[in-house]
Amino acid sequence: MATQGERILEVRDLVKHFPLTQGIMFKKQIGAIKAVDGVSFELNKGETLGIVGESGCGKSTLAKVLMALERPTSGSVVINGRDMAKAKGSELKRMRRNIQMVMQDPYTSLNPRMTVGDIVGEPFEIHTEVAPKGDRRRKVQELLEVVGLNPDHINRYPHQFSGGQRQRIGIARGLALQPEIIVCDEPVSALDVSIQAQVINLLERLQNEFGLAYIFIAHDLSVVRHISDRVAVMYLGKMVELGKDLEIYDRPAHPYTQALLSAVPVPDPEGRESRERIILQGDPPSPANPPSGCRFRTRCWKAQEICATEEPLLQIRPGTAHLSACHFAETHDVVHAG
Amino acid sequence: MSKTSLRTSPAEGGLGDEPLLAVEDLHVEFATRAGVVRAVNGVSYSLNPGETLAVLGESGSGKSVTAQAIMGILDMPPARIPKGEIRFRGTDLLKLSDEARTQVRGQRISMIFQDALSALNPVFTVGWQISEMFRVHRGMSKRDAMAKAVELMDRVRIPAAKQRIHDYPHQFSGGMRQRIMIAMSIALDPEVLIADEPTTALDVTVQAQIMELLAELQRESNMGLILITHDLGVVADVADKIAVMYAGRIVENAPVYDIYRAPAHPYTKGLLESIPRVDLKGQELYAIKGLPPNLLDMPTGCAFHPRCPYRQDNCVTDAPPLYGISGARNSACHYWREVLDGDPR
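Chains as they are written, first to last, in full-length UniProt numbering: chain A, 1 to 338; chain B, 1 to 345.
Treat the hints as calculated values from the structure; they're not laboratory data.
Below, computed lysine-lysine pairings styled on BS3-like, alpha-carbon distance capped at 25 Å:
(1) A:Lys45 - A:Lys64
(2) B:Lys281 - A:Lys244
(3) B:Lys281 - A:Lys45
(4) B:Lys162 - B:Lys148
(5) A:Lys86 - A:Lys64
(6) B:Lys142 - B:Lys162
Chain A on its own, in the form it takes in the complex (with noise of 0.2 Å):
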């Protein structure tokens, strides 16, 4: 079993730009979308980082960098103590089995023409030193037992089960090769609500089980809070708040942060009138051309000159404990207040 607080990620200036580019011949890059632009953190064993954001802050492309499945544009991501961003090859090969990924959609995230036991038995294939042969259809089903189901069901198609147990055969082919760290991208904003509250339970018993490292990436924040132990807040390509669930919650610096949570609906009537609510005008800016300095003060309810020219770094700021990226920064409760 891991032993918890031992560092197993650190990400450093994690930097990925999509190039934009015109002419078909020819073709000349006319510019970049900055959809990570320098991001840093770190993960321990057994810990739970979630990662909240609005759609287009570069969340999802972040976990595709983690995975390799996109090569970044600078930065480091290492993974005990060896750089992914550097390896090649058979190397990479291997770092790739530590760090395993389940995906949001689980109805088409599944290849409909395999059965279970090829989905769950497929990353066996190409890293055959995991599971011999002639072992694997009982890896397989021990596999799909740990999640909670049939091992009878190992010859049956995705369509045959219903989206939470779907989730489970995802989350089952994320651990076949004993990964240390899991990526979830949205793992359970597809499945109805009565169902999510049994894959959330399944994941925190997986990780207490494997002593797994969780990304948990999700736009619904009460879900992100009970599951992570930290969380870091995205904005067009930054960080710009990263503490303890607690610190975020409770004591929000940033004022994106505190909007966002303002905007989430309380699933309690009582008060609903008084409520601080703060609602941002207008839509995000378009990463491809981001404001000057801070990349929020378009929106921001604070913003002075300083914001446009320099940019706030994420850093521990007077009068909080937690890293923010504001000029500004300044808890304030929103969730309890009014």
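With chain A's structure known, arrange chain B on it following the hints.
Chain B only, in chain A's frame:
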């Protein structure tokens, strides 16, 4: 049915005891190759002017099918309405001719959909699509209709409406597209607006903008709003009353405060308890066990009994009626008293 009785303007008021819209014992079934699917099984609810009714349920609960029956946009066949009434200002819409129904649809009762990108036509400008409402229903000229469309886009707060009216749907963000849908739906001042998961595809900050816009439009025009959703947070924020649906039936309906304070059906109770709560962090979430039923093979008796912690023998055999609890509260559970009181687990 004479059209005059339908033209009662809201200003005349005096609806008497008759609500603005009343769905009464509605049944909808679909003929499929695998058999008849009973998607809606005796649903009743009502809506008054200015009121917000939230219809809460999971996929397959029949909440959207009920709304489509009200709008008259079900494909029939395969759908069939064997029984039930949908009364709008006292007139049963199901008995109207197709022509009379068209007069109601879009003008008196209109609807917005979850996915604005697929609900809008990609090859026409948004201005053309909004102004179509005025050209078709009001017989306006192109120029007048376009001017009206700009007005509407201003009203739903799309910035620079005059310039953007010639843009196509893909040039707008998700939140702006939903505003365009809302502009189309309120174009003809409907008395009932049905919003089917209007913010499910949107980010929370945009969701807050859209819900605020809807509430404001509702205050201005006093229209009745039916909000179809699975989000218990959104419901708590805006609804006056709630109807909870499960497997094609209403299992509980009540004013919003009552239901969150003390649910009277085990399904509602289970949903509320499965929401992650701050004070229970680190503990296992309460999860309703099992799966929603297969509509082709419904459980006997109460459809919820295979998943219910309050189940007794008679739940397996007798389908519970909608018991009246008090005033506007009903629960379709034989043991609603026990559910209201406390905890079987």
